[in-house]
Structures are given as C-alpha cells and as structure tokens.
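> Single-letter residue listing:
Protein chains: 2
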Amino acid sequence: MPPRRPTEDELIARYFAPLAGAAALGLTDDAGCLSPSPGHDLVLTVDAVVAGIHFFPDDPPASIGRKALAVNASDLAAKGAVPVGFLLTLALPDDWTESFLKGFAQGLGDAARDFGCPLIGGDTVRSGGPLTLSVTALGEVPAGRMVRRLAAKPGDRICVTGTIGDAALGLLLRRRPGQRWAAGLTLDRRVHLIDRYLHPNPRLRAAGALRDYASAAMDVSDGLAGDLAKMLRPLGLSARVEAADVPLSPAARSVLAAEPGLIDAILTGGDDYEVLAAVPDAAVPLFLDGLAQAGLSGAAIGTVIEGTEPPCFLVEGGVRRFERASYSHF
Amino acid sequence: MPPRRPTEDELIARYFAPLAGAAALGLTDDAGCLSPSPGHDLVLTVDAVVAGIHFFPDDPPASIGRKALAVNASDLAAKGAVPVGFLLTLALPDDWTESFLKGFAQGLGDAARDFGCPLIGGDTVRSGGPLTLSVTALGEVPAGRMVRRLAAKPGDRICVTGTIGDAALGLLLRRRPGQRWAAGLTLDRRVHLIDRYLHPNPRLRAAGALRDYASAAMDVSDGLAGDLAKMLRPLGLSARVEAADVPLSPAARSVLAAEPGLIDAILTGGDDYEVLAAVPDAAVPLFLDGLAQAGLSGAAIGTVIEGTEPPCFLVEGGVRRFERASYSHF
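Sequence order for the protein chains is D and F. Residues in the first sequence are numbered from 204 upward in steps of one, following my numbering. Residues in the second sequence are numbered from 204 upward in steps of one, following my numbering.
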C-alpha cells in the first residue's frame with residue numbers, strides 16, 4: 204500500500220505554516236489580518252504561472268516556488284513598493300508528490316524571507332490539469348507615491364537596472380542545451396544564463412530611487428522592446444534606444460559575439476525581471492546614484508520621443524523596430 | 204475562417220474594465236493601488252474554484268462568476284469585515300468562448316456591485332486544463348476587531364444566520380433532477396434549492412452584529428457539522444446542537460418530510476454560505492436583534508461545551524455525531 208497522502212491541514216502545518224507572517228494568524232483562521240502602515244497606500248498585484256506554459260514541469264520544485272513569488276515581488280519593486288506579504292493559490296495536479304511540495308515550499312519560503320514578503324493566506328485545490336500557482340502580492344508605498352506605468356514624458360531618459368536578455372538566452376539553453384552558439388561558453392556563463400531564467404531577482408532595492416526620481420516604471424517581464432512599447436504607446440509616445448547602451452552580462456556578450464542575430468532574442472525575450480524606468484534627464488545621475496547606493500547597477504539606454512511608431516533600437520548598421528515585440532503566454 | 208479571438212488586452216477592456224474600482228487604476232498599470240481607511244485592519248482571503256470539482260462546467264457562466272466572488276465575500280462577512288475589492292486569476296481552458304466570458308463577467312460584475320467589492324487587478328492565463336478561478340478578496344474592519352475563528356468559550360451559544368442545508372439539497376437536485384424525494388416539491392421550492400446552490404448570498408450585513416457580539420465566527424461552506432467542529436475542536440471544545448432548532452427553509456422542510464434521512468445531508472452538506480457564530484449567552488438577544496435590524500434572520504441552535512468529541516446533534520430519538528462531517532474537495 205502506498206503511504207497515505209497528507210491531508211490539506213497537514214500540508215499546511217508541515218510546509219506552509221513556516222512561511223507565514225503575523226498577518227496569517229497561524230493559517231488557522233478563514234482570513235489573514237494585516238494592519239497597514241499609517242500614511243501608506245497598498246500596492247496589489249496578482250500573477251499566475253502554469254506548468255508547461257510558464258515553466259517546465261521538471262524545473263526544480265524550489266525554483267518553481269521561488270519564481271512564483273519573485274515575479275510578483277518584481278512588480279511591487281517597479282512600482283516603488285516594499286513587500287508586505289502574499290497569498291497563494293496552489294492548484295495541484297493529480298500526480299503531485301510530497302517530495303515536490305517539500306522542495307516547492309522550501310524555495311517559496313526562502314524567497315519569502317529574502318524578499319521580506321511572508322505568507323498571509325492561501326488555498327489548496329486539485330487543478331484537474333497541470334500545476335498552477337497564483338500569487339497575490341501586497342506592498343506598501345508612502346501615500347500617493349506609487350510609481351505609475353503610464354506617466355513618461357517626452358525627453359525622459361529610458362533607464363534599466365541590471366542586465367537584459369540573460370533569461371531569454373537561458374531559456375533557449377534550458378530548451379536545447381546543444382545550441383551551436385553555446386559551444387564556446389564557459390560552464391560559469393552557461394550556469395549564469397540558466398540561473399537568470401530560473402531564479403529571477405526582483406530589484407526590490409530599486410524602490411526608493413524609483414519613487415524619488417522616476418516619472419514612470421514597470422518591470423521587464425515580457426521583453427524589453429515590448430514592455431517599452433507598453434509603457435509609451437498608450438501615451439502617444441515612442442523611444443529611441445541605443446542598442447549598444449543596453450547593459451549585457453559577460454555571458455550575453457559572449458553569446459552575441461558567437462551569434463550576432465541573437466540580439467533580437469535579447470531585446471524581445473522575456474523573464475528579465477529588471478526595472479524599466481523613464482527618468483527626467485536632469486535626474487538621471489541622481490537616479491543611477493540612488494541605484495548604486497542600493498547596490499544595483501543601472502544604465503540610461505535611450506530617450507522618450509513623441510510618435511506612435513514602436514520604439515526603435517539603433518543597432519550597428521541601422522534601426523530595428525519590433526512589431527511583435529513581446530511574448531504573450533495567453 | 205473562425206472569427207479572431209480577442210487578445211488579452213481586448214478582453215480586459217471589454218469585459219473586466221467595467222468591473223474595476225478606483226484602486227484598479229483602469230487596469231492599465233502593473234498593480235492596483237488602494238488607500239486603506241485610517242484606523243482599520245485589512246482582512247484578506249483567497250479561494251479558488253475549479254470546473255468539474257467545485258462547480259459544473261455547464262453551470263450558467265454568470266452563476267460561475269457570481270459564486271467565485273460570493274464565496275470570498277462570505278469569508279469577509281463572517282470575519283466582521285466590509286469588502287473593499289478583489290483580485291482575480293482567470294485560468295481559461297483551451298476551448299473558452301467569448302460568449303462564456305461575456306456571461307461570466309456579467310455575473311461577476313453584478314456580484315461586485317451587489318457586494319460593494321470592485322475589481323482591483325487580475326491575471327489571465329491559459330489553464331492547460333479546466334477553467335480555474337482564484338479570487339483574493341480584501342475587506343476592512345476597525346483595527347483589532349476582526350472576528351476570529353478560534354475564540355469560542357464554553358457556555359457560548361451557537362448561532363447561525365439564514366437557513367441550513369438548502370444548497371446541499373440543491374446540489375443533489377442539480378446532479379439528478381429525478382430524485383424520488385423531490386417528486387412532491389413545487390417548482391418554486393425546487394428553484395429555491397438549486398438557486399441556493401448556484402447563487403450563494405454572502406451575509407455581508409451580518410458584519411456589524413458579529414463584530415459587536417460574537418466571540419468567534421466563520422462561514423458555513425463545508426457543512427454545518429464539520430465547520431462547527433473546525434471552530435471548536437482545536438480549542439478542546441465541542442457543542443450540543445438541537446437539530447430541531449437548526450433553521451430550515453420551507454423547501455428543506457418539505458424534503459425532510461418526504462425523506463427524513465436527508466437530515467444528514469442538511470447538517471453535513473456544503474455551500475450554505477451562512478454565518479456560524481459563537482455568542483455569549485447574555486448577548487444572544489442583542490446579536491439576533493442586530494441581525495434582524497440588518498434584515499437577516501438568525502437562530503440560536505446549541506451550546507459550546509467542554510470536550511473533545513465531535514459536536515453532537517440531538518435528533519428525534521437520539522444523538523448524532525458526524526465523524527466525517529464535512530466535504531473536502533482536496
């Protein structure tokens with residue numbers, strides 16, 4: 204006889220209670236209870252991920268748990284918010300195992316601790332299909348200070364944190380390790396790219412500089428080119444970006460040297476989880492200095508301009524526009 | 204060629220933007236932004252429902268939408284909270300139709316209006332399986348006043364709102380309309396029972412009386428007997444309930460007259476979405492009066508006692524205890 208599966212209450216006590224913050228009330232009530240900080244607004248975001256669509260069912264369970272929270276924390280960071288907690292819906296496939304859950308909860312718990320974002324509540328159901336995770340994350344900003352997506356102005360400089368394109372290349376490697384262009388990559392660089400895909404690092408420490416200096420911001424989750432268009436197009440704005448100024452990791456630079464055509468994957472691939480911001484020209488040095496003081500790198504890569512064309516990327520020998528500039532999972 | 208399916212942005216603009224409150228920022232940003240009322244705590248709950256598990260895939264789309272929000276609003280009500288908004292994850296099966304979405308959004312929107320609980324944000328994904336809905340609902344209570352689940356005291360009276368068991372009978376009828384015991388039911392009473400299953404009516408107006416008078420409360424979602432045990436057992440408490448005092452609708456009374464054995468379904472069936480409360484004996488008249496002033500019926504049905512046995516129900520000719528007292532979807 205196979206070992207008895209734990210009940211929902213046992214799962215909660217064993218794997219999820221350790222992730223819970225004070226607002227979760229020990230996960231023994233029907234709701235969590237949060238005392239918001241006076242003088243602050245709550246920032247709320249929800250993102251769901253589905254096995255086989257947003258991640259590989261055989262990704263390490265701890266990575267799946269970490270990423271489910273990271274993608275939401277990344278939204279909070281880009282809005283200038285500090286995380287306060289999250290709620291989880293865990294829809295399990297019929298063949299779930301306790302070993303999966305253990306790893307998943309470990310990764311999720313490590314992320315909750317790293318991001319200062321404890322569990323407030325949750326629901327566990329049978330999915331009747333693939334593993335599906337939905338996370339609602341809450342953060343706080345001083346009242347009226349959430350950094351908006353649709354508020355850039357012509358002349359603002361386009362800035363990004365970190366490096367762009369690593370996760371897109373990591374995903375290509377995750378799909379097919381034998382990529383011709385990867386033959387010359389050191390093991391360290393391969394690992395770097397795949398790690399950037401599996402383990403997004405939300406730029407929580409950028410929140411202060413964003414609140415202080417950015418006109419507008421969002422996280423880069425669906426590809427730089429597409430997300431830039433999302434930030435500007437509804438305002439009748441566009442951008443001119445110097446592709447050479449887009450910050451790349453040493454690993455991405457090696458890849459580009461071997462296969463220059465991958466610049467498209469770098470500029471349009473998803474899963475960067477960096478922050479994209481529009482910053483008034485005069486404030487750029489202060490913004491980049493604020494990021495640096497928070498231990499983050501940042502770069503100005505272009506300028507907001509009037510126009511309804513998709514943002515253009517100046518690359519060696521010409522101009523690129525991406526009409527289908529981002530990936531839609533839907 | 205079949206008509207083009209709308210994009211996610213088009214779906215949001217067409218069907219979900221009309222449901223959005225101010226905190227949703229027009230659903231055009233990466234997060235919602237809520238200004239909590241000073242001096243209040245936030246109450247947060249999440250519940251997911253899956254087609255084929257928690258509802259019938261061929262339930263009316265508007266009913267599915269309404270119920271997804273109602274089951275969460277019911278949790279808020281039982282905690283003494285007033286709804287402020289919700290976030291939705293909509294995981295669509297591959298064969299979703301626009302006509303389904305239209306009906307779903309209509310039912311969800313009517314519920315959001317009825318419950319004073321507008322949309323704050325959402326995410327739409329492909330489910331890779333059945334339709335799955337996850338709702339995170341937020342409410343407010345004056346600071347420190349959330350009504351807890353695990354706070355009943357020996358001697359407290361057990362009270363419930365409304366009537367118990369209708370939805371369980373409605374579910375039996377929904378599954379098999381030709382139930383022998385239903386032969387003598389008028390059409391009105393059949394409709395009443397099925398309606399109670401399809402369209403839970405969260406007891407939002409009970410929130411004030413609960414905050415003012417209840418020691419403890421929760422909503423009855425998994426069956427009266429089981430939920431009563433959940434409220435008391437972790438405290439080393441039990442209850443003695445007079446089955447004859449459990450309020451039944453005229454429809455449920457007719458059913459019981461035809462088939463007395465259905466008392467078990469009434470006491471252990473789920474989906475009532477009434478409120479179960481423990482109220483100090485001296486406060487019961489005030490509590491019931493508070494409910495009445497809010498337009499709700501209520502009844503005292505038993506007493507909290509010391510003991511680790513499951514709550515007992517005194518029925519004609521004896522005592523019933525339900526060891527497996529509630530339904531687990533998990």
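Just so you know, these hints were derived from the structure itself, not from any lab. Don't be surprised by glycine CBs; every beta carbon is placed ideally from N, CA and C. Check the hints yourself; a few may be wrong.
[Claimed, not checked] Some chain D residues well away from chain F (every beta-carbon gap over 12 Å; in silico): (1) Leu228; (2) Gln309; (3) Gly358; (4) Thr389; (5) Met421; (6) Leu451; (7) Ala497; (8) Ser500.
[Claimed, not checked] Pair ranges (Cβ atoms, derived): (9) Thr300/D - Arg408/F: 42 to 48 Å; (10) Gly510/F - Gly229/D: 19 to 25 Å; (11) Gly229/D - Arg443/F: 23 to 29 Å; (12) Asp297/F - Gly498/D: 42 to 48 Å; (13) Pro463/F - Pro260/D: 34 to 40 Å; (14) Lys356/F - Ala497/D: 48 to 54 Å; (15) Gly381/D - Ser240/F: 54 to 60 Å; (16) Gly498/D - Ala485/F: 55 to 61 Å; (17) Arg378/F - Gly498/D: 23 to 29 Å; (18) Pro260/D - Ala354/F: 38 to 44 Å; (19) Ala495/F - Ala497/D: 53 to 59 Å.
[Claimed, not checked] Computed list of chain F residues with no C-beta within reach of chain D, every gap over 12 Å: (20) Leu228; (21) Asp313; (22) Leu376; (23) Gly411; (24) Ala461.
> May I ask which of the numbered hints given earlier this structure violates, with the numbers listed in increasing order?
Of the numbered hints given earlier, those the structure breaks are 1, 5, 13, 17, 20, listed in rising order.
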